[in-house]
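There are 2 protein chains.
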Amino acid sequence: MPNRRILIESLPQDRLAPENFAMDTTDVPEAGAGEVLCRTLALTVGAGQRAGLQGSASYAAAPESGRVMNGTAVARVEESRADGIAVGDLVTCPSGWQDYAVHAAKAVNRVEGGGDPAHHLGVYGTNGLTAYFGLFDLGEPKAGQTLVVSAAAGSVGHIVGQMAKIVGCRVVGVAGSDEKCRLLTEDLGFDAAVNYRDANFRGSFREACGDGIDIYFDNTGGEILGGALRRMKPHGRIVCCGVVSQYDTGNPAPGPRGIPGLLVNNRVRMEGFLVFDYASRYGEGRAQMREWVESGRLKPLQDEFHGLEEAPNAFIDLLAGGNTGTRIIRVAD
Amino acid sequence: MPNRRILIESLPQDRLAPENFAMDTTDVPEAGAGEVLCRTLALTVGAGQRAGLQGSASYAAAPESGRVMNGTAVARVEESRADGIAVGDLVTCPSGWQDYAVHAAKAVNRVEGGGDPAHHLGVYGTNGLTAYFGLFDLGEPKAGQTLVVSAAAGSVGHIVGQMAKIVGCRVVGVAGSDEKCRLLTEDLGFDAAVNYRDANFRGSFREACGDGIDIYFDNTGGEILGGALRRMKPHGRIVCCGVVSQYDTGNPAPGPRGIPGLLVNNRVRMEGFLVFDYASRYGEGRAQMREWVESGRLKPLQDEFHGLEEAPNAFIDLLAGGNTGTRIIRVAD
Numbered sequence: 073m074p075n076r077r078i079l080i081e082s083l084p085q086d087r088l089a090p091e092n093f094a095m096d097t098t099d100v101p102e103a104g105a106g107e108v109l110c111r112t113l114a115l116t117v118g119a120g121q122r123a124g125l126q127g128s129a130s131y132a133a134a135p136e137s138g139r140v141m142n143g144t145a146v147a148r149v150e151e152s153r154a155d156g157i158a159v160g161d162l163v164t165c166p167s168g169w170q171d172y173a174v175h176a177a178k179a180v181n182r183v184e185g186g187g188d189p190a191h192h193l194g195v196y197g198t199n200g201l202t203a204y205f206g207l208f209d210l211g212e213p214k215a216g217q218t219l220v221v222s223a224a225a226g227s228v229g230h231i232v233g234q235m236a237k238i239v240g241c242r243v244v245g246v247a248g249s250d251e252k253c254r255l256l257t258e259d260l261g262f263d264a265a266v267n268y269r270d271a272n273f274r275g276s277f278r279e280a281c282g283d284g285i286d287i288y289f290d291n292t293g294g295e296i297l298g299g300a301l302r303r304m305k306p307h308g309r310i311v312c313c314g315v316v317s318q319y320d321t322g323n324p325a326p327g328p329r330g331i332p333g334l335l336v337n338n339r340v341r342m343e344g345f346l347v348f349d350y351a352s353r354y355g356e357g358r359a360q361m362r363e364w365v366e367s368g369r370l371k372p373l374q375d376e377f378h379g380l381e382e383a384p385n386a387f388i389d390l391l392a393g394g395n396t397g398t399r400i401i402r403v404a405d
Numbered sequence: 073m074p075n076r077r078i079l080i081e082s083l084p085q086d087r088l089a090p091e092n093f094a095m096d097t098t099d100v101p102e103a104g105a106g107e108v109l110c111r112t113l114a115l116t117v118g119a120g121q122r123a124g125l126q127g128s129a130s131y132a133a134a135p136e137s138g139r140v141m142n143g144t145a146v147a148r149v150e151e152s153r154a155d156g157i158a159v160g161d162l163v164t165c166p167s168g169w170q171d172y173a174v175h176a177a178k179a180v181n182r183v184e185g186g187g188d189p190a191h192h193l194g195v196y197g198t199n200g201l202t203a204y205f206g207l208f209d210l211g212e213p214k215a216g217q218t219l220v221v222s223a224a225a226g227s228v229g230h231i232v233g234q235m236a237k238i239v240g241c242r243v244v245g246v247a248g249s250d251e252k253c254r255l256l257t258e259d260l261g262f263d264a265a266v267n268y269r270d271a272n273f274r275g276s277f278r279e280a281c282g283d284g285i286d287i288y289f290d291n292t293g294g295e296i297l298g299g300a301l302r303r304m305k306p307h308g309r310i311v312c313c314g315v316v317s318q319y320d321t322g323n324p325a326p327g328p329r330g331i332p333g334l335l336v337n338n339r340v341r342m343e344g345f346l347v348f349d350y351a352s353r354y355g356e357g358r359a360q361m362r363e364w365v366e367s368g369r370l371k372p373l374q375d376e377f378h379g380l381e382e383a384p385n386a387f388i389d390l391l392a393g394g395n396t397g398t399r400i401i402r403v404a405d
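For the record, the sequence lines run as chains A and B. Quick note on the working numbering: the first sequence kicks off at 73 and runs consecutively. Quick note on the working numbering: the second sequence kicks off at 73 and runs consecutively.
Extracted from the complex, chain A is given alone in its bound form (with noise of 0.2 Å):
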């Protein structure tokens, strides 16, 4: 049985190409002592893992040229030499664009739950977390208040959007094409979505922020976190999540005008923060959003490519903001 693998050929030094990416075919690897192999069934991609792409301007380690692209997957165990974990076992683990990885018992994490596993990888995996966190713990979201968010319809995007929703909020949602903004109010709940990409975005993004924005949701960087500064309330909150205006360039642009002086004339709050931070309460967040799930408040998106040879056209893709919700690689049944 062969392990076919996705390598990174070389590392982008402007957008990224298929050409960076290389497959090739080894052997499947066989667990050792306190070792389990998996079997990939989905793989994910972001991007933030573009940012990996950079090297050390990012907080993930720097993939190599010649290695396997990393990525999360989730995964079915088809050989156990670990206590706790048996064949058969629903996981999720860093096994990176392949077929099969050999991974240590405790770098894998087993997962419960029915439905489709590809949830691990969004709702109940990094993308609802961050959103949930990000949400809750940095932009502290009350009922009435104004929440804006970027990227609305993304992995992260769609699930903050809903979640503030839920806990009251007027939500604003800014996408990349009128069939997102129409899924974010028709499909999803929010009260307006924008299309960056129209000519009058500028007035029509004025306009749906109303008297203010209490939290920015940041998901791009950019020119619409440029917007957004200039019309935050007092006292308001930047959630830094994520800039993926910037990621998929040689040439980050500079930050936006007003940093930092409109940061203290409004009294605003920015702040950056990395999921991995709450990973001992990870399990608050799961619970918390299992229960809007499956009361049919918080509808989890996903988009899908098949086989694992589709990888680097689904990353190269949802860089050009070609997905809606999370992204989805189906590798195996």
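Any given hint could turn out to be false.
Note that the list lumps identical chains together, so a pair holds whenever it fits in one copy or between two copies.
What the hints assert, rightly or not - Listed below are the simulated SDA-like cross-link pairs for lysine to any residue, each with C-alpha atoms no more than 20 Å apart in a straight line: (1) K305 / F348; (2) K214 / G357; (3) K305 / L346; (4) K237 / L373; (5) K305 / Y350; (6) K371 / F348; (7) K305 / V347; (8) K178 / R148.
I should point out that these hints are in silico values taken from the structure, not numbers from a laboratory.
We have chain A; now place chain B onto it with these hints.
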């Protein structure tokens, strides 16, 4: 008895100049019912007032041309038609740049305690309170942490640095001359001080910051903020207090590179504040600082100009970085 006044003759388009001000003389006004007549003893000027002259871009209401230049005074009450305020009382009040002003009783604050009345414009006034609440409420200093403060020999900075030393921080000041740097390390107990006008500033700054910055108290914005941002430790705090690098210009610079990416990677919190929001806690701040001043642990610095007519020069020179500590203009004894 004439009342000399300094008026805003025109709003500056670029750098502030003496021609933006004009002096005239009127009669001393009389106090009406519920009012007091205040004789200005001393005025202070601060860089934040320059922001006011930029009009709507600032938190301060825009002064109009033809009006008395705004500013805080310490004054002696010469006539009182208000309950609870007696002739001879010492007060702080928003008299602006003039010898006399009439105020409603609620617009003046009686001050007590011996010592130089000008201290009520410095360590016990807005400067000291800004340092106190910015440092302790936003900066959250802990013993052993590294604090960096810009405009460190300035009206707020020299108090921030000394208070951070009192609670056990390692303190690095950034200032605009070697003389100021010597003052910080030799007289005020700073652990290190770096001259931002020095050709080797980048290297000296990096060295002074050691293994990184826990708290950056920012009075300047601009390049010093950019440099500090790159050296923040995980979970560091940036206290956004002022933007002196951007006040005296018609064309504020873009924000520093790395916003918001560096905030995310290092989980940094960046927060603006205005001291006026802490009005209900001024007593707490003043009592603590008075204890430190009287025990000799906190040395308030001020530098002085003599004569109301010197106010424009004192202000223009301050914007060029000329001051050490709180800038005082003595108007009468």
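To see whether the hints hold, each was checked on the structure:
1. K305 / F348: Classified as between: cross-chain Cα gap 16 Å, same-chain 30 Å, threshold 20 Å.
2. K214 / G357: within (18 Å within a copy, 30 Å between copies)
3. K305 / L346: between (25 Å within a copy, 14 Å between copies)
4. K237 / L373: within (16 Å within a copy, 52 Å between copies)
5. K305 / Y350: Answer is between: at 18 Å across copies they meet the 20 Å cutoff, but 28 Å inside does not.
6. K371 / F348: Classified as neither: same-chain Cα gap 24 Å, cross-chain 43 Å, threshold 20 Å.
7. K305 / V347: This pair counts as between: shortest inter-copy Cα distance 17 Å, intra-copy 26 Å.
8. K178 / R148: within (16 Å within a copy, 73 Å between copies)
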